[in-house]
Amino acid sequence: MPTFKLDGQEIAFQPGDTIIRAAHRAGIQVPHYCWHPGLSVAANCRMCLVEIESAPGFRPMSLDVLNWDAAKKEYVPGKKPKLQPACQQPVTEGMVVKSETSPNVALARKNVQEFLLVNHPVDCPICDQAGECMLQDYYMSQQRTSKRMRDEPVHKPKGVMFSDKIVYDAERCIACTRCVRFCEEVLGDPMLDMRERGNMYEITVSPGKKLEGHYQIMTEVVCPVGALTTSHWRHRGRVWLLKGTQSVCPGCATGCNMWLDVDPREQTVFRIRPRENEEVNKYWMCDDGMLTYGRIYKNRIVSARIGRGSTEQATVVDAVAKAVEELSKAGSRVAAVLSAQHSTEDNLCLADLAKVLGWDLFLSAKADWDGDKILRHEDQNPNRAGAQQVSGSASPLPSLGVLASSLGKYTAIVALGADANVNEEALAGLGGVGAFVLLATNKGPLLSRATVVLPVASWAEAEGSFVNAKGLSQSFKRALSPKGDSLPAWDVITRLAKGLKQDLGFKRFADVRAALVARTSVEPTEAKDDLSVHPESMTPRAGV
Amino acid sequence: MEPTDKDLDESELELPAEPMTLNMGPSHPAMHGTIRMVLRLDGETVAGVDVQPGYLHRGQEKMGERGTWQQFFPYTDRLNYVSPLLNNVGYALAVEKLLGITVPRKCQLVRVLHGELSRISDHLTANGAMAMELGAFTPFLWLLKAREWIWELHETQTGARMTHAYVRIGGLAHPPTEDFPDLIRAVLPRIMDVVKESESLLLKNRIFLDRTQGVGKLSKAKALSMGASGPVLRSTGVDYDVRKDKPYLTYGECDFDVPVGQDGDNYDRFMVRLEEIRQSVRIIEQSLDLYEKIEPGSPEDQINIKDPRVILPPKEEVYSTIEGTINHFKLIMEGIQVPPGEVYQYTEGGNGELGFFIVSRGGGNPWRIRVRSPCFYSLQCCSGMITNGMVADIIPTFGSINMIGGECDR
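As you go down the protein sequences, you meet chains A and B in turn. With the working numbering, the residue at position 391 of the first sequence is 393, and numbering never jumps. With the working numbering, the residue at position 20 of the second sequence is 32, and numbering never jumps.
What the hints contain is simulated information worked out from the structure, not anything from laboratory work. All clues given are correct.
Here are the computed distance ranges between Cβ atoms for each label pair:
no.	chain 1	residue 1	chain 2	residue 2	range
1	A	S143	B	P86	25 to 31 Å
2	B	P259	A	R146	29 to 35 Å
3	B	E190	A	N113	34 to 40 Å
4	B	P326	A	E12	42 to 48 Å
5	B	P86	A	R146	26 to 32 Å
6	A	P105	B	Y331	29 to 35 Å
7	A	R197	B	E190	52 to 58 Å
8	B	Y331	A	G18	45 to 51 Å
Note that this is a predicted model, so its numbers are computed, not measured. Ideal placement from N, C-alpha and C gives every residue a C-beta, glycine not left out.
Please model the entire structure based on the sequences and the hints provided.
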């Protein structure tokens with residue numbers, strides 16, 4: 003691979019790379035605002051200026067300048083190299099670039115940063131971005147001077163509702179146009195635009211358009227400062243109290259990588275941010291994905307119940323005993339329903355139990371939703387492929403609809419997840435089965451049909467993995483402790499198995515994972531910690 | 013008729029001599045700062061002793077790892093709480109060494125002045141308490157009266173009598189008042205009058221001399237092997253003083269002597285401290301002259317270094333400009349970014365070599381802080397000093413070590 007030199011360090015690059023991208027690949031940060039690895043080059047912030055000392059076929063340009071000579075107390079003529087934006091300058095073999103080591107670059111960045119803060123409001127104490135703001139980071143690393151301007155700063159609109167999800171503050175905006183470029187390039191719909199120039203610039207919703215669609219929150223995510231904020235997180239907490247956990251979105255079959263930002267003191271997820279993965283979601287996520295943390299709290303089943311339609315709480319021990327009693331009566335005339343919403347490990351446990359007891363397997367799933375060509379998959383279920391994988395069957399698992407039409411064969415049902423993509427009639431049929439053991443996280447259509455309900459942990463509260471539509475198996479980590487009485491589903495199923503005098507051989511989560519790896523001979527990709535390479539992930543250190 | 017003393021054999025008059033185990037402390041009022049001694053007594057003689065520190069352990073070093081670098085200052089106040097400013101300075105110097113910065117001259121002199129005043133207050137307390145433990149209550153009250161003047165002086169400068177948290181990394185919390193030198197000059201003679209008056213009550217007092225001379229002896233070899241330092245080491249004849257042997261701040265420019273003892277007994281420790289008060293006064297007087305020689309407005313005439321990465325911006329800027337807000341925010345929320353590395357910085361504390369061993373892995377808080385507290389090492393010598401002595405001498409001997417629980421147990 004060809005190489006070039008950055009601050010004396012030899013760095014490999016791919017043909018066509020710009021300086022900043024080659025450095026980014028090598029895990030080196032060149033300070034920048036407007037450049038984003040997933041967007042086109044705007045080169046408007048001038049923060050990434052570097053000094054190119056020499057390059058083949060490159061004639062170093064120098065400018066005539068006047069330098070203040072403190073001894074003579076006058077300006078003396080001097081020379082200064084013409085600096086180049088690292089985001090725009092293509093790398094060539096043997097190029098010698100100075101970034102951190104050049105005093106000219108340091109001075110230029112200091113001045114750029116000073117101009118950016120000239121009209122900036124004193125907002126850090128009330129700004130959601132404080133703590134992960136690039137203006138703050140670069141103030142400390144590049145500027146470190148007091149304000150010189152004594153005039154009243156320019157005032158611009160604050161708290162502008164771009165949509166019900168996005169709030170804009172023009173005074174904090176540095177006009178990097180990342181949000182504008184995101185809409186135009188990634189979504190293909192120029193919903194945002196910029197008006198005026200100089201001091202008066204402002205991002206606006208394009209004339210005749212609305213900020214709408216499934217990717218509004220991404221405009222806030224790409225914003226390097228606190229100009230765009232989301233209404234769901236706005237003024238709700240502070241980022242340095244959050245701890246990021248690597249997770250995978252349970253919203254659809256794409257399996258976007260993400261950060262679950264948890265406040266460990268309150269054991270509460272406050273927001274979700276995309277996590278870079280070039281193979282899956284690149285740098286992006288959809289709004290529904292970033293709001294999936296709602297399902298950890300809404301419509302949760304937090305205690306066990308015994309009896310159809312019962313609302314009385316029971317202990318998990320009693321409920322497991324009751325379920326075991328009902329299932330042992332049914333013998334092998336049991337339908338086991340895997341879930342496309344639960345992790346592969348959870349499904350593996352149920353499939354294993356079904357296998358040793360001779361139960362038939364079915365699959366429950368949520369109905370399709372509106373997919374698109376960017377990220378959203380039509381299949382709303384994160385793990386249809388994983389459930390299929392562990393069932394051991396080559397043909398697709400029969401759905402709940404099939405089960406409803408062949409109920410005569412079964413005297414009991416044990417189901418993972420309360421979701422069901424069937425009509426009312428079929429549901430009523432399922433409710434007619436004598437014994438119905440349901441292991442569920444959230445309330446769903448199947449809940450009222452169950453005779454025994456066991457609460458299980460959500461994906462954020464247990465370890466596990468999802469297999470996405472492309473067949474990529476991705477693991478996620480535990481971010482919270484399980485709500486109420488709920489336990490990880492693999493644990494509940496192991497308890498049921500024990501009651502049914504079966505030993506699945508699972509004592510800890512690691513046993514289930516090992517069994518999964520042995521069976522599929524695929525190790526779920528580790529949740530990557532990509533802090534070192536991705537500038538946008540400067541933020542996960544929130545809370546450090 | 014009952015037998016009279018005359019009828020009894022001589023040996024029957026002696027006290028029963030069966031060995032007896034006695035717990036002193038940790039709640040015993042004379043066991044300053046909660047310490048426990050398990051004594052094996054043979055009559056009134058101490059046959060053996062097990063000295064058990066740790067009852068005041070608060071996990072300070074561990075707490076230091078949780079906070080930012082600046083947030084450790086209040087904890088240092090609670091090490092040797094009779095001379096908190098010396099601890100403040102010791103810790104600040106350690107972090108400054110790691111950062112590779114040197115504070116301006118005025119700041120150095122203020123640190124020396126406050127430090128020596130603290131040392132005087134430390135020695136006044138130690139000597140006063142030791143006298144009191146021998147029954148001399150008056151010198152104790154007088155010396156503590158003088159200590160109170162020092163603390164009042166500290167209060168005018170730092171806002172607190174005891175827990176000052178006045179020093180900052182790269183400077184001080186706020187500049188000294190304009191009359192700072194005058195205040196010191198006014199209080200020093202008054203303190204020395206009290207010292208003179210108090211020593212006149214003790215140094216010709218037969219009881220005091222008999223009960224201190226030759227009591228609680230410590231040999232030079234033992235003191236060295238136990239790692240003792242400060243007055244305890246110097247009383248045995250070793251002239252080790254960090255201010256002299258490894259000068260820091262402006263101590264190198266001051267002319268002062270290091271008093272040493274001969275026998276390493278309670279009397280020597282008392283006298284070393286007494287003389288050190290006089291030497292501290294010499295240092296203070298010279299430092300005041302240096303302090304007043306600083307040209308106003310010169311770079312030397314600064315309290316803090318000029319680096320926004322270390323020093324907080326003025327409050328007016330924090331509240332009115334974004335630059336100040338960001339600077340303040342970053343330093344408070346993320347802390348000073350100290351480069352990775354290890355450092356051991358030692359200074360002469362009230363009780364001897366006060367060392368801070370700090371490991372940084374970069375970032376806003378320390379990875380490890382270890383405090384080499386001088387009285388922990390002095391205390392190691394304690395059992396040897398007490399054994400084979402009298403029970404009544406335990407308290408004054410223990411007092412002469414000047415063990416401060418907060419520093420020893422941390």
